[in-house]
Every structure is written in C-alpha cells, then in structure tokens.
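Visitor: Residue numbers (the working numbering), protein chains in the order written: chain A, 52 to 319; chain B, 52 to 319.
It is possible that part of the hints are untrue.
Identical copies go unnamed one by one, so any copy, or any two together, can satisfy a pair.
What the hints assert, rightly or not - Calculated cross-link-like contacts (lysine-lysine; reagent style BS3-like; alpha-carbon spacing at most 27 angstroms):
id	residue 1	residue 2
1	212	121
2	161	107
3	212	76
4	76	121
5	164	232
6	232	133
7	277	232
8	219	133
9	82	219
10	212	133
11	164	219
12	170	107
13	268	121
14	170	268
15	161	232
These aren't lab readings, by the way, just hints derived from the structure by calculation.
The chain contents come next:
Number of protein chains: 2
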Amino acid sequence: MCGSPSVFLRFCAMSNGRHLSEGDKLPDLPKDGKLRLYSMRFCPYAQRIHLILDAKDIPYHSIYINLGNKPGWFLDKSPTGKVPALELTNESGNPTIIESLIIAEYLDEKYPKRPMYPKDPLLKARDRILIDQFNSVISSMYKIFLQDLEEVPGAITNVVKGLDLYEKELRHRGTEFFNGKQPGMLDYMIWPWCERCDMLPYLVGDKYQLDDKRFEKLIKWRTLMKEDSAVQRSIISGTDHANYIKSRRAGRPDYDMLVIEGKRQRVA
Amino acid sequence: MCGSPSVFLRFCAMSNGRHLSEGDKLPDLPKDGKLRLYSMRFCPYAQRIHLILDAKDIPYHSIYINLGNKPGWFLDKSPTGKVPALELTNESGNPTIIESLIIAEYLDEKYPKRPMYPKDPLLKARDRILIDQFNSVISSMYKIFLQDLEEVPGAITNVVKGLDLYEKELRHRGTEFFNGKQPGMLDYMIWPWCERCDMLPYLVGDKYQLDDKRFEKLIKWRTLMKEDSAVQRSIISGTDHANYIKSRRAGRPDYDMLVIEGKRQRVA
C-alpha cells in the first residue's frame, strides 16, 4: 500500500508530528492565515478532515494531540476535548469548529472548488443518509478493533451485512467512486474505516476476508481509493494500524509510533 | 398553551389521524404532487419535519404509523422502519428519504423560501454544532421520560447542565430566537424536546422547575416559540405528552389518544 517510493515519502512527511501532551506549549505557528487542524494520527474522524483539506488543496497546519494526556490549552480550542477541531484563522476571532461531518461540510461550503456533494438536494440527501448509516458499520468495527475477541465473529457478520448496502449502491450508481469519476464526501467520510480493514489479518487472522464476488465493486473501489492523492497523504499501513490498536488494547496507546526519531513537532 | 380557541382548533385538526397498523392499507392519496410525511403523533423527530414543512408553508399529507405494529407496506417507504420518512412525490420515482436532520436540510435546500440557516458557512456550522450537541440533552431527557424514576435526579441535573450552553448562546446572540427575529433550523430542531419539558410536572412533580434567573432567555424563548404559527400546528399539551409517556412506560403506547372518536384516517 505504501510500496512506491513517492507514496512512502509522503506517508513519512505526514507522520512525523509528535502528539503534544500536558506541559507542552501551544506551537508557535506563523501567522500565515493557514487553517489549523487539531488531530490525532490514528483517529479516523480526524482523518476525514485531512482528506477533505488535501482533496481541496487547502493549506493547513496539523497539530497532533495526545488524547490520553491533553495539553491544558487544548480545551480552549476544543471545549469537548475531542479531535478533529479546526481553528479558522481566516475568520474573525480565530474560532474553532468541531465534529468531523460538520467541519467537512463547512469546508465544502467555504471552499467551493471541487465540490464534494452533488448539487441536487435529493442526491445530496442520499449521500448524507449513506454517511449516517455507515455509523452502524463503524460501531461493529470498533467491537472488532477494541473489544473482547469472543465478540469478533458476530461483529464481523454485522460489518459484512452493513457493507452490502454500499456494494449495492456502487452497483446501482455504476461509477468507480460513489461521487462519480473522483471521490466525494461519501467516499471520504467512510474511507478511514475501510482503510482500517487492512489491519484485520493482523488482529484476527486471515480467515475473515471480504467475499470477492459479494463485494466486487467495493473491493475495486478500495483499490482505487488507495491511488487517490488525498488518501495517499494520510494513509497508514495495516500493520501500523494493527500495532496502534494493540497498544490501545493494552491501555498504552502509542500515538507517536510513526514519529521519526529525533524530529520535533512538525508544522505540516 | 392550547388555551385560545384558534390554537385549540388547529391542534385538533392536526391530531385526528389514526396510526395505521399491520393489515391497514396504504391510504389512497390523491396524485396532487404533495409531499407525504410518514409520522407518529408523539415522535419528536417526526415533529421536526412537521415544523419545517409548516414554517415553509410546503403542502403535504401526513400518514401516521403505529410503530409497535407497522403496516407491511411501511418498510417499502422507510427501509429502517423509522419515522420520519418523507416521500418525495415531486421527484422521479417517488423516492423516500429518512433521518430527521437530513430531511430538514433537504427541505431547506429544495425550498429556499424562508431559509432556515444563516448563509455564512461559519454561522451555519455553529448552528449545526449546537443541534448536534443537543443530542446529549435528549439522551438525558429520555432517562427522565422512560426509565427508572430513581435515575431522575441525576438525569435532570444533566439536562439542566446541558441547557446552560443554549442559555449562554441566546445571551451571546442577543436575539429572541437562535435564528434572529424568527425561528430557524436550530430553534425548530431542538423545540420538540423543549415542548416536552411541560410534561415534567405530571411525571416527576413540580419540584424540578427551571431556575428563572439561570434560564431567563431560554424561558422567554420557549414562550415565544409557543406563539410561532408552525409550532402551534403540531404542539401537544404537557398533560397529553405525560399521558402518552405513561402509556409507553406501561408497554402499551397509546398512539391514537388524540384521535377524535368516529373520525377516520385524516389526509392533512
């Protein structure tokens, strides 16, 4: 997945930001008008915003937060203490907005270049319903990632059943991406969890493979998504995702496992 | 609340639709191009859509569903089996859309008369964050409405803490409604649960009153909302809400308690 040198370089460039903890100062960022994304390297919701910003070529700084030991100033940026949070240095008073889908839709409205939704309100509503319904797939995936292994077979059945809807939709649309010839909001909003499916063989063995025929379109879509330039900027390999999840299961999430030794907090 | 004769008449006109059950046929509605809202008289999420349709003066038929014993054809309209579902007779193939906030935003985009959101993407995002955060108030309210009475004091504390954010916001905005001089998306999306606060004295006694000073703006807002013409078309009194909740707690939700004897399914 990160095989080609160019992809590997971009992957490394993205991943060398240390996660800031209690006691760390707010980075002294240049007043260059760039948006500031408070993120965590392995958070799929934060990844949604990296994807939209990268797809739309919006310049931004990434500030990574140690969610287990947050810096005091982070609550001023994100009152709920969650990532993603986007600080809008282009708006009066530098406000911060939260909630991944709300941030993504704000960006789509504020930066209309390369629209992420169809213009037609009905087609847009359909995409939004599919984004919403993906939440049940996400819930089942978390059972696999984080909970007791005994629950895995049932949860995998639920994930597979949930994905049927998206396979059916891709077949119905007859396009490579849900959004047509290139990814749009629905593609990017569900991608982070589809990327994380690559860690399943490392967590539960390779007996749980998606059925090639049942999910023919979705498997093709996954391959194409991995070639998308925005996806390539934030993608993490299945082994790395699995190692992070193992550290989280052990109660010591290793947020900085992709940080390159000796490098300081990166301003992307 | 439903004291004046005019309000009372409108209230009755809204409430005489019997909830259709298994075995009931799909009503033979005229092909008049009106939208068709599948609803349940006491469902706050369905009420959100009545409010938006009524505020925007969009003509529609209401079809009420017995959620405990649904007609077979209802799953064709709403695959998840939930209300609200809106059948779009103005779109090719009469598709149905679901999820209250998605339906409300579809209506706002499709029928731009009286926009429900501010035009500015940041102000819109702020309203959407407040709609999203209200979900935690809703969760606590359901504990009061439906769960063990022993949990009530803690849940009421959580509701009151949750409402602080909305009082603060109204003070900050300095307007009568969250949307300014008339209600908008945020006002209507949170209203159904604020309306249901009137049932608390009938469920848990009158010792849990909102503090007049702490919630000065919000209490004024509630009074003004009750005077809004869209709200008046769907409002239900505190005693009626309480009686419905009591029937639901007893395991026999009385969906038809507001249906006037002898009247048949109403096509609104």
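Visitor: Now tell me if each hint is right for this structure.
Guide: Status of the hints after comparison with the structure:
1. 212 x 121: Classified as between: cross-chain Cα gap 24 angstroms, same-chain 37 angstroms, threshold 27 angstroms.
2. 161 x 107: both (11 angstroms within a copy, 26 angstroms between copies)
3. 212 x 76: neither (46 angstroms within a copy, 31 angstroms between copies)
4. 76 x 121: within (11 angstroms within a copy, 58 angstroms between copies)
5. 164 x 232: Answer is within: at 16 angstroms inside a copy they meet the 27 angstroms cutoff, but 33 angstroms across does not.
6. 232 x 133: neither (33 angstroms within a copy, 33 angstroms between copies)
7. 277 x 232: within (14 angstroms within a copy, 49 angstroms between copies)
8. 219 x 133: Result: close only across copies, 21 angstroms inter versus 34 angstroms intra.
9. 82 x 219: neither (47 angstroms within a copy, 31 angstroms between copies)
10. 212 x 133: between (30 angstroms within a copy, 19 angstroms between copies)
11. 164 x 219: neither (29 angstroms within a copy, 35 angstroms between copies)
12. 170 x 107: both (17 angstroms within a copy, 21 angstroms between copies)
13. 268 x 121: Close neither inside one copy (41 angstroms) nor across copies (34 angstroms); limit 27 angstroms.
14. 170 x 268: For residue 170 and residue 268, the Cα distance is within 27 angstroms only inside one copy (25 angstroms; across copies 38 angstroms).
15. 161 x 232: both (23 angstroms within a copy, 25 angstroms between copies)
Violation of the numbered hints given earlier is confined to hints 3, 6, 9, 11, 13; the remaining hints are satisfied by the structure.
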